[in-house]
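Protein chains in written order, with our numbering: chain X, 315 to 598; chain A, 22 to 321; chain R, 5 to 360.
A hint or two may mislead.
To be verified - Derived DSSO-like pairs: lysine-lysine, alpha-carbon spacing no greater than 27 Å straight-line:
| id | chain 1 | residue 1 | chain 2 | residue 2 |
| --- | --- | --- | --- | --- |
| 1 | X | Lys-587 | R | Lys-70 |
| 2 | X | Lys-587 | A | Lys-136 |
| 3 | X | Lys-586 | A | Lys-217 |
| 4 | R | Lys-70 | R | Lys-109 |
| 5 | X | Lys-506 | R | Lys-272 |
| 6 | X | Lys-506 | R | Lys-182 |
| 7 | X | Lys-506 | R | Lys-12 |
| 8 | R | Lys-214 | R | Lys-11 |
| 9 | R | Lys-348 | R | Lys-257 |
| 10 | A | Lys-136 | X | Lys-334 |
| 11 | A | Lys-230 | A | Lys-107 |
| 12 | A | Lys-217 | X | Lys-587 |
| 13 | A | Lys-86 | A | Lys-76 |
| 14 | A | Lys-319 | X | Lys-422 |
| 15 | X | Lys-586 | A | Lys-136 |
| 16 | X | Lys-506 | X | Lys-383 |
| 17 | A | Lys-76 | A | Lys-95 |
| 18 | X | Lys-420 | R | Lys-214 |
| 19 | R | Lys-98 | R | Lys-182 |
| 20 | X | Lys-334 | A | Lys-217 |
| 21 | R | Lys-12 | R | Lys-106 |
| 22 | X | Lys-334 | A | Lys-95 |
| 23 | R | Lys-98 | X | Lys-506 |
| 24 | R | Lys-182 | R | Lys-272 |
| 25 | R | Lys-70 | X | Lys-506 |
| 26 | A | Lys-288 | X | Lys-420 |
| 27 | A | Lys-95 | A | Lys-288 |
What the hints assert, rightly or not - Covered stretches of chain X, as calculated for chain A (at least 3 residues, CB under 8 Å):
| id | segment |
| --- | --- |
| 28 | 383-393 |
| 29 | 459-468 |
| 30 | 562-573 |
Think of the hints as simulated: they come from the structure by calculation, not from any bench. Note that the Cβ used here is the ideal one computed from N, Cα and C, for glycine as well.
Okay, here's what each chain looks like letter by letter:
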Amino acid sequence: MAILKRQKTKMIQEKTAVEKGFTGLFLALCVAFFALPLVWLFIAPWDGQPNYSIKWPSWTLTNFAEISKNPYAYKSLVNSAIFSAGSGIAVILVGAPASYVLSRVKFKGRDSFLYTLLLFSSIVTGSAAMVPLYLLALRLNILDTYQGVILILTGGLIPTAIFILKDFTDSLPRSYEESAQIFGASSFRILKDIVAPIIRPGLAVIFVWSFVQAWGNFLVPFILIRDINKQPGAVMMYSFYSDGGQPVIRQVAAFSLLYAIPVMGMYFYVNKKYGFRFYGGIKG
Amino acid sequence: MTSQVKSGSRAAKPGNSVLGRLSAISFMTPASIFIGVFLFIPAVWTLYLGFTNYKLTGITAAHPKIVGFANFQKALHDPQFISSFKLTLLYVLFSAILGQAILGFLLAWVLSTVKPRIRSMVELIVICAWIVPGSIVTFLWVAFLNYDNGTLNRLTGQHIFWLLHDPFLSIVVFNTWRGTAFSMLLFSAAITSIPKSHLEVARVAGATKMQQLRQIVLPSARSFIFTNLLLITLWTFNDFGPFLLTGGGPGGKTELLPIFVYNKALKYLDFSYGSAIAAIMLLMNLVLALIVIRAGRKNK
Amino acid sequence: MSIVTTKKITKVFPGGVRALDELDLTINDGEFFALLGPSGCGKTTLLRTLGGLESPTSGEVWIDDKDVTWSPPGERNIAMVFQDYALYPHMSVKENIAYPLKVRKLPKDEQEKRVAMASKALSIETLLERRPGQISGGQQQRVAVARAMATTPNLYLFDEPLSNLDARLRLEARTFLKQLQTELGVTTIFVTHDQSEALAIADRMAVMDKGVVRQVGSPSEFFHRPANLFVAAFIGSTPMNLLEGQVLQGNVKVGSNTFTIPESYRGKLQEGQEVVYGIRPEYVSVVSSNADGVASGSVKVTENMGTHYLVSIDCGGTLVRGTVPDGQQPANGATLHFLPDLNKVLIYDKVSGNLI
Ligand SMILES: Nc1ncnc2c1ncn2[C@@H]1O[C@H](COP(=O)(O)OP(=O)(O)OP(=O)(O)O)[C@@H](O)[C@H]1O
Ligand SMILES: [Mg+2]
């Protein structure tokens with residue numbers, strides 16, 4: 315205890331006034347840089363006459379009432395939730411077992427395989443692949459369906475998810491599984507009782523990451539969904555731009571807040587429960 | 022291999038992982054199917070189309086023909102493509118490597134020395150910029166950079182059409198703002214993973230902050246740094262985000278390759294040309310990835 | 005409770021490392037068996053092969069009269085304590101200890117009983133509700149042992165379980181382990197880097213080198229009659245004097261010194277044979293005059309060993325170590341005469357390295 319305390323005071327002493335000043339200045343600048351563009355999001359929705367500037371709002375709910383006049387606005391958030399939750403779950407269900415195998419079973423060319431996946435995913439999430447994806451969805455008969463968007467989003471997210479999850483799993487000592495093996499636990503039990511609980515924070519991080527990516531994705535639903543009833547928030551945002559390309563600011567302001575809150579809430583929750591943290595790095 | 026035969030139908034082959042060969046395969050199956058159908062097929066399809074004269078409209082829409090490397094040759098002589106290509110490399114260099122990675126590292130390093138309350142507050146703000154959907158942040162930045170009463174002009178007391186006047190700078194700053202959180206999170210993990218004793222030893226030996234950073238932190242975080250560089254390089258190279266901000270303009274000054282592809286393929290419907298560019302992009306991604314991976318291995 | 009036999013097991017890792025090389029070993033029922041050897045000699049690999057975590061490239065592993073070479077780890081009724089303890093971080097100490105019992109589907113009350121018994125034996129009752137991250141290294145080790153113990157296996161495998169403990173805790177822990185093992189009578193194989201640990205608590209032990217066993221026997225056999233030069237150099241808190249020389253006229257000539265050949269070796273050595281004359285410093289004493297079989301030289305190094313001093317003298321280029329009682333340590337540079345205790349002298353063939 316005494317030693318600990320001493321070290322602590324030593325550490326505080328070691329930070330000189332100059333260093334403290336620099337730290338404070340740097341953090342203040344960073345906060346300003348990252349926060350300033352965000353302020354509008356939290357202020358404008360409550361203003362009866364919002365424009366591009368940040369000003370003290372007149373505190374009104376009329377903007378939200380305005381949105382509810384659009385029958386598809388709220389529905390679009392539900393759709394976004396379906397797309398994102400579906401993709402998040404699919405990414406975990408499909409990616410977690412694969413990343414476990416890739417972490418635990420060594421085979422030739424494993425790393426190249428992972429890198430190839432990452433490269434391919436960068437094409438498939440790009441705009442050039444949209445037409446083949448459209449044609450693919452057409453052939454698979456999943457055009458204009460929830461599952462179509464979910465499957466295609468998942469396909470684009472899986473490589474990165476596997477890549478990051480494998481790092482989580484690599485940081486888990488093998489001896490955990492081996493000791494359980496010696497006690498006679500079946501593979502299923504080991505996965506359920508030992509592996510899954512320990513990598514749960516990793517799964518949570520990947521779930522949130524996938525959810526956020528799907529939540530913000532515009533191109534895939536824009537191309538695959540025709541039915542306005544199934545449009546997600548990202549496409550809805552687009553429709554708040556009037557014919558001349560001028561956005562209807564009141565609607566944009568209110569809808570932006572509604573559209574942003576779920577992902578921020580989800581991040582909060584997971585950060586509180588597990589800590590939103592990454593592990594690992596390229597080995598080798 | 023022969024030993025496997027001997028083990029017969031045993032539940033788990035000792036020495037391998039917890040999983041037997043069968044379960045390992047079954048664990049990989051769903052991912053393989055996904056990857057095959059929704060990654061491999063569209064990717065190969067895209068590449069294939071780059072070798073045809075496929076257009077979404079007109080005669081060739083129905084009967085595309087293989088035209089070999091014609092699209093690629095066209096690209097190499099297309100000044101628009103060349104400039105877009107250079108622009109993209111600069112964009113990766115400035116916004117991902119110099120912007121996100123360095124700012125993310127500094128943030129992670131500085132935040133590891135401050136009180137947890139301050140740390141989580143700053144982290145929250147930086148992460149907000151990262152998780153808020155793209156269509157919202159674009160709008161936020163349009164507002165932020167607005168000519169009449171945008172926050173930036175108001176604060177600096179200037180009157181500048183930022184997106185017209187400094188379009189490239191604008192999207193670089195924008196992408197730095199947008200993506201720094203990921204680097205920060207990854208580097209935070211790296212810094213937490215360094216045993217306390219290592220830094221203490223250095224401190225006792227009288228190392229300055231810079232020396233600690235160079236001699237202890239950077240080497241320990243090596244694998245994190247290269248993972249991060251690999252991912253953000255790929256992401257930034259293929260980033261479509263600035264499209265919503267500038268549409269590639271003015272005058273192609275922000276027409277990054279993904280936007281170039283979009284304009285060719287989905288706007289002018291010259292699909293085969295767009296696909297050929299996508300193939301070139303894949304090749305470039307491969308080169309960039311190899312550079313990062315090589316550098317990572319060498320710097321061990 | 006179990007006899008463990010390995011029959012010519014070989015383990016070649018992908019990449020070609022031969023971690024075990026046609027290794028034969030038998031561990032008797034109820035024995036406390038220590039496994040010793042330099043780093044990388046294959047101790048862990050042997051233990052993991054016995055536990056079923058590694059499959060041998062060839063050869064067989066038998067437990068009692070069953071060939072278990074290919075049975076999965078869970079069927080061998082073994083408990084293993086890993087070097088890093090492998091306590092599950094998301095389970096409390098209690099859940100950790102109970103987990104193997106749960107896996108084996110023991111009734112709840114039996115589980116409770118065994119947890120109580122094991123935690124009492126290792127005096128960790130007060131820690132049961134904590135997580136492994138919230139207890140000290142020594143406590144974690146005891147939890148790991150308690151978890152192994154609660155399963156009542158036929159065989160314990162310990163891979164350097166004490167290496168993370170401080171010196172005092174280590175002493176306590178090893179005494180405790182030995183006691184526990186004697187009480188339970190379970191066959192135990194124990195890997196350690198610390199030879200004094202092995203000498204102190206093992207019934208029998210083996211020294212390995214490059215995947216083969218160099219000697220098997222009781223600790224006192226190891227100390228008094230190392231079977232070859234490798235073991236002779238490896239065992240002992242102070243290294244044995246191993247003086248290379250030649251048999252000449254009934255003596256061993258080492259440089260300019262002549263050492264007497266003990267009675268027991270008469271007739272076993274040939275004139276001119278290249279040999280290594282071995283004697284532990286503990287059995288080299290100071291005499292007052294230079295006589296036959298005495299090595300003389302000036303003192304080079306003096307090391308304080310607590311109850312005595314370890315003195316190295318330079319006998320014409322060869323360093324010879326002997327012991328001097330506390331209080332009689334010589335000054336550096338002084339001339340000393342060393343006489344080996346002939347009853348303790350060991351002579352090795354230089355070519356084969358084996359004890360003659
Ligand atoms: N999974 C593996 N793949 C390849 N080689 C391995 C593997 N595990 C061990 N080896 C090699 O096999 C040899 C024996 O290793 P082992 O771990 O059994 O040594 P050890 O005697 O336990 O050493 P230490 O005392 O350092 O723990 C070493 O050369 C090691 O590098
Ligand atoms: Mg070992």
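Going through the hints against the structure:
1. In summary, the hint linking Lys-587/X to Lys-70/R is not supported, as the alpha carbons are separated by about 49 Å, beyond the 27 Å threshold.
2. Of the supplied pair hints, the one linking Lys-587/X and Lys-136/A holds, its CA atoms being roughly 20 Å apart against a limit of 27 Å.
3. Taken as a hint, the Lys-586/X and Lys-217/A pair is honoured in the structure, with Cα atoms around 24 Å apart against an allowance of 27 Å.
4. With a CA separation close to 24 Å, the supplied pair Lys-70/R and Lys-109/R stays within the 27 Å bound.
5. Simply put, Lys-506/X and Lys-272/R have alpha-carbon atoms about 66 Å apart, too far for the 27 Å limit, and the pair is violated.
6. Proposed proximity of Lys-506/X and Lys-182/R is contradicted: the alpha carbons are some 35 Å apart, above 27 Å.
7. A threshold of 27 Å between alpha carbons decides the hint, and for Lys-506/X with Lys-12/R the separation of about 37 Å lies outside it, so the pair is violated.
8. Straight-line distance between C-alpha atoms of Lys-214/R and Lys-11/R comes to about 17 Å, which keeps the hinted pair within the 27 Å bound.
9. At roughly 18 Å between alpha-carbon atoms, Lys-348/R and Lys-257/R fall within 27 Å of each other, so this suggested pair holds.
10. Annotation: proposed proximity of Lys-136/A to Lys-334/X holds, straight-line Cα distance about 12 Å (limit 27 Å).
11. For the hint pairing Lys-230/A with Lys-107/A, the CA-to-CA distance comes to about 37 Å; that exceeds 27 Å, so the pair is violated.
12. Our distance criterion of 27 Å between C-alpha atoms is met by Lys-217/A and Lys-587/X, whose separation comes to about 25 Å.
13. At most 27 Å may separate the alpha-carbon atoms for a hinted pair to count; Lys-86/A and Lys-76/A meet this at roughly 10 Å.
14. Of the pairs offered as hints, the one joining Lys-319/A and Lys-422/X holds, with about 21 Å between alpha carbons and a cut-off of 27 Å not exceeded.
15. Of the pairs offered as hints, the one joining Lys-586/X and Lys-136/A holds, with about 17 Å between alpha carbons and a cut-off of 27 Å not exceeded.
16. Taking the CA atoms of Lys-506/X and Lys-383/X, the gap is about 48 Å. The hint is violated against a cut of 27 Å.
17. Of the pairs offered as hints, the one joining Lys-76/A and Lys-95/A holds, with about 15 Å between alpha carbons and a cut-off of 27 Å not exceeded.
18. At most 27 Å may separate the alpha-carbon atoms for a hinted pair to count; Lys-420/X and Lys-214/R meet this at roughly 25 Å.
19. The straight-line distance between the Cα atoms of Lys-98/R and Lys-182/R is roughly 24 Å, inside the 27 Å bound, and the hint therefore holds.
20. Restraint check: the Cα-Cα separation between Lys-334/X and Lys-217/A comes to about 21 Å, which is no more than 27 Å; the hinted pair holds.
21. At roughly 36 Å between alpha-carbon atoms, Lys-12/R and Lys-106/R are farther apart than 27 Å, so this suggested pair is violated.
22. Note on Lys-334/X and Lys-95/A: the hinted pairing is violated, with a Cα-Cα distance of about 57 Å set against a maximum of 27 Å.
23. Proximity of Lys-98/R to Lys-506/X is assessed by CA-CA distance (about 19 Å); at most 27 Å being required, the pair is judged to hold.
24. Straight-line distance between C-alpha atoms of Lys-182/R and Lys-272/R comes to about 40 Å, which puts the hinted pair past the 27 Å bound.
25. The suggested pairing of Lys-70/R with Lys-506/X is violated, with an alpha-carbon distance near 31 Å, which exceeds 27 Å.
26. For the hint pairing Lys-288/A with Lys-420/X, the CA-to-CA distance comes to about 45 Å; that exceeds 27 Å, so the pair is violated.
27. Restraint check for Lys-95/A and Lys-288/A: the C-alpha separation of about 18 Å stays at or below 27 Å, so the hint holds.
28. Taking a C-beta to C-beta cut-off of 8 Å, the segment 383-393 of chain X contributes 0 residues in contact with chain A, too few for the three needed, and the coverage statement is violated.
29. Check on the segment 459-468 of chain X: 3 of its residues sit with their Cβ under 8 Å from a Cβ of chain A, so the three-residue criterion for coverage holds.
30. Restraint check on the segment 562-573 of chain X versus chain A: 3 residues with Cβ-Cβ distances below 8 Å, three needed, restraint holds.
Hint check: violations occur at hints 1, 5, 6, 7, 11, 16, 21, 22, 24, 25, 26, 28; the rest are consistent with the structure.
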